[in-house]
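Quick note, the sequences are listed as chains A and B, same order.
Just so you know, the numbering used here puts 68 at position 68 of the first sequence, and the rest follows in order with no gaps.
Just so you know, the numbering used here puts 250 at position 250 of the second sequence, and the rest follows in order with no gaps.
The reader is advised that the hints may include incorrect statements.
DEER-style ranges, computed between Cβ atoms [as the list claims (entries may be wrong)]: (1) 220(A) <-> 376(B): 26 to 32 Å; (2) 272(B) <-> 84(A): 29 to 35 Å; (3) 175(A) <-> 5(B): 29 to 35 Å; (4) 23(A) <-> 254(B): 49 to 55 Å; (5) 164(A) <-> 376(B): 28 to 34 Å; (6) 125(A) <-> 296(B): 48 to 54 Å.
One side only, chain A facing chain B, incomplete, derived with CB under 10 Å [claimed, not checked]: (7) 60; (8) 62; (9) 85; (10) 87; (11) 88; (12) 100; (13) 110; (14) 162; (15) 166; (16) 229.
Derived from the structure by calculation, the hints contain no laboratory data.
Every residue gets a Cβ at the ideal spot worked out from N, C-alpha and C, and that includes glycine.
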Amino acid sequence: MNNHGRDPFLFRTEHLSKLYPDGQVHAVEDVTISVRRGEYVAIMGPSGSGKSTLLNLLGALDKPTSGEVYFDGQPLSTFQRLDRLRVEKFGFVFQSFHLLPILTSLENVQVPMFEGRLSAPARARKAKELLELVGMNHRGNHLPQKLSVGERQRVAIARSLANDPIALLADEPTGNLDSVSAEGIFDLFAYLHREQGMTIVLITHDEEFGQRAQRTIRMQDGHVKSDVFCERRRIRTPMPPFAV
Amino acid sequence: MRFWTFVLKNVVRRRVRSSLTIVGMAVAVGAVVALVGISSGFEQSFMAVYQRQKVDLLVQQRGVKQRLTGVLDAKLGDRIAKVPGVKQVNSGLVDFTSMDELGPVGVMVQGWEADAPLMKGLEILPGGRHLTATDKHCVVLGQRLADSLDKHVGDKLSLFDNVTYTIAGIFKSPTVYENGSMVVLLADLQRFMGREGQVSGFAIIIDHPDDKTEIERVRQDIAALGKNLEVTPTAEFVNSTLEIRFIHAMAWVTSAVALVIGAVGMLNTMVMSVFERTREIGILRAIGWGRWRVVRMILMESILLSLIGGILGTAGAMLLARVLAAQPSVAGMVDSYIAPWVILQGFLIALCVGLLGAAYPAYRGAQLLPTEALRHE
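Only chain A is shown next, with the shape it has when bound in the complex (with noise of 0.2 Å):
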């Protein structure tokens, strides 16, 4: 985008609300929060306190009944193609996953590349690179129906990154884990963060997780609860590649 940088903040939304499909209840209510570029976001709360609704919304996968989510200073509103933003700038990492079953770790990271502009050879090096940095080159022609769920979030996590995101939005990407495949996971957001200057929002239940990150939102019914802000937190920062 040609306004690239003109605005400090990458997200930025602006009385933002979304009613539940049934139209009666707010998931998301008057909803102002900004994102800076480069910061690394845990949003918290309970089940049904609108977290992934806000992060659906952040990420262009919804659209809010009343309200404006900014890009970069653009309002989504404003994009012909929400698509083309979703594969160029974000990459999304999903509770359960979400990887096609049918494909190898190593083909399900080159799915999302079929629309940028890499040549084939160029898309199966680049799937060969992203594995080996998430830990699971070993694992590249297997199955996800063969691997661990944590190694299956790896590979999920490799499939975010497959065209060179600015944001990295994950919708409590250790939720379905155990504890030592989850301190992984957030050993490579970590990583990510501080290493490739990648902006993270992430949903958590984990409170110890969630202390982790630069800054921390707090939802409850819709709102925003509290939101800390502490730039000091040691945010520990493995190197690659990341053991299983």
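Fit chain B to the given chain A structure using the hints.
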């Protein structure tokens, strides 16, 4: 990985879904190809009976479009033979008879004179002979009919209210309809039908069949022999006769029913197989795929599945036609040959309906917001 490799993997690695879709398509395509093929083959075969005999003109009673009901005086044949330009005259009586061995299906019986050109033109298989004017209660059978009845030259056959006939010969015809018929002497058939001195019509072969004005002149000269005569060039007759029109209508109706059932089956199969992928479409859209790429993926897959289904369905239909044609009860009625245009038509329908059936749910899935599609179970 290339995009088409991805599409191929989607089809190959989802064995159960792909197989079920292919089976659904194959059954539908097979039904269309088999039914249309058999009915059109039946029609073709019926028409070929006339065309093969190289008959130029047909003389019938005016206003009668069905050969069975036409009544003409047999003596008229001598007068027609004297018309300039007429080469040969074949008097014929035709009827259908039923045989216990074959169930309710009628067998065509032709009554011809021993020296008639059509009689002489029969290709008798080795071991048999043509009928002669002195034969009494003899018959020649079409090859298929002989096979169905399991009869050979010299065997006896009970016809027309238990009169015993001897099989003088077995003939081979390129048309399945004729192969399933039998020929007796005209006088025999006249006697048993109580139509002594009568014929159903005359088949005329003329000296110069390629000269259209000559055909027309002969036609008019013959027509002038009697008020009740209708003289028709063979090609015209074939298209106007009631039997052919009836068969054509039956073929058309059967085909139309097959097409509707087949198309609905294919549409259902394809729509269901894409609908159940709404969630997957949501994932692809969420990670950034454009709508058009999603639609393209599904259309490419459905083309692949339709083509495989089309090939298997056509192969199945050809097998089915072969099995059906071998059944004694339909011998002489069903040809195992399926015309290439029928096969092509089956493929085109599979492709069109497959694309149509996939396009709607793919488009609908691609229109959904990724979050809506992801919620889809």
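Quick rundown of the hints versus the structure:
Between residue 220(A) and residue 376(B) the Cβ separation comes to about 29 Å, which falls inside the hinted range of 26 to 32 Å. The hinted window of 29 to 35 Å between residue 272(B) and residue 84(A) holds, with their beta carbons roughly 31 Å apart. Roughly 33 Å separates the CB atoms of residue 175(A) and residue 5(B), a value that falls within the hinted 29 to 35 Å. Separation of residue 23(A) from residue 254(B) is about 52 Å and conforms to the stated range, judged on CB atoms against 49 to 55 Å.
Roughly 30 Å separates the CB atoms of residue 164(A) and residue 376(B), a value that falls within the hinted 28 to 34 Å. Distance hint check: the CB atoms of residue 125(A) and residue 296(B) are about 25 Å apart, inconsistent with the given range 48 to 54 Å. Interface restraint check: residue 60(A) against chain B, minimum CB-CB distance 9 Å, threshold 10 Å, status holds. For the restraint placing residue 62(A) at the interface with chain B, the shortest Cβ-Cβ distance is roughly 4 Å, inside the 10 Å limit, so the hint holds.
Nearest Cβ of chain B to the Cβ of residue 85(A): about 8 Å, under the 10 Å cut. The hint holds. A hinted interface residue such as residue 87(A) counts as satisfied when its beta carbon comes closer than 10 Å to some beta carbon of chain B; here the least separation is about 2 Å, so the hint holds. With a least beta-carbon distance of about 7 Å to chain B, the hint placing residue 88(A) at the interface is held under the 10 Å criterion. The criterion of a C-beta within 10 Å of any C-beta in chain B is met by residue 100(A), whose closest approach is roughly 7 Å, and the hint holds.
At a threshold of 10 Å, the smallest CB-CB gap from residue 110(A) to chain B is about 5 Å, leaving the interface hint in force. Hint status for residue 162(A) relative to chain B: holds, with the closest Cβ pair at about 8 Å, below 10 Å. At a threshold of 10 Å, the smallest CB-CB gap from residue 166(A) to chain B is about 13 Å, leaving the interface hint violated. Taking 10 Å as the C-beta cut-off, the interface hint given for residue 229(A) is violated, the closest approach to chain B being about 28 Å.
In terms of the numbered hints stated before, the structure departs from hints 6, 15 and 16, listed from lowest to highest.
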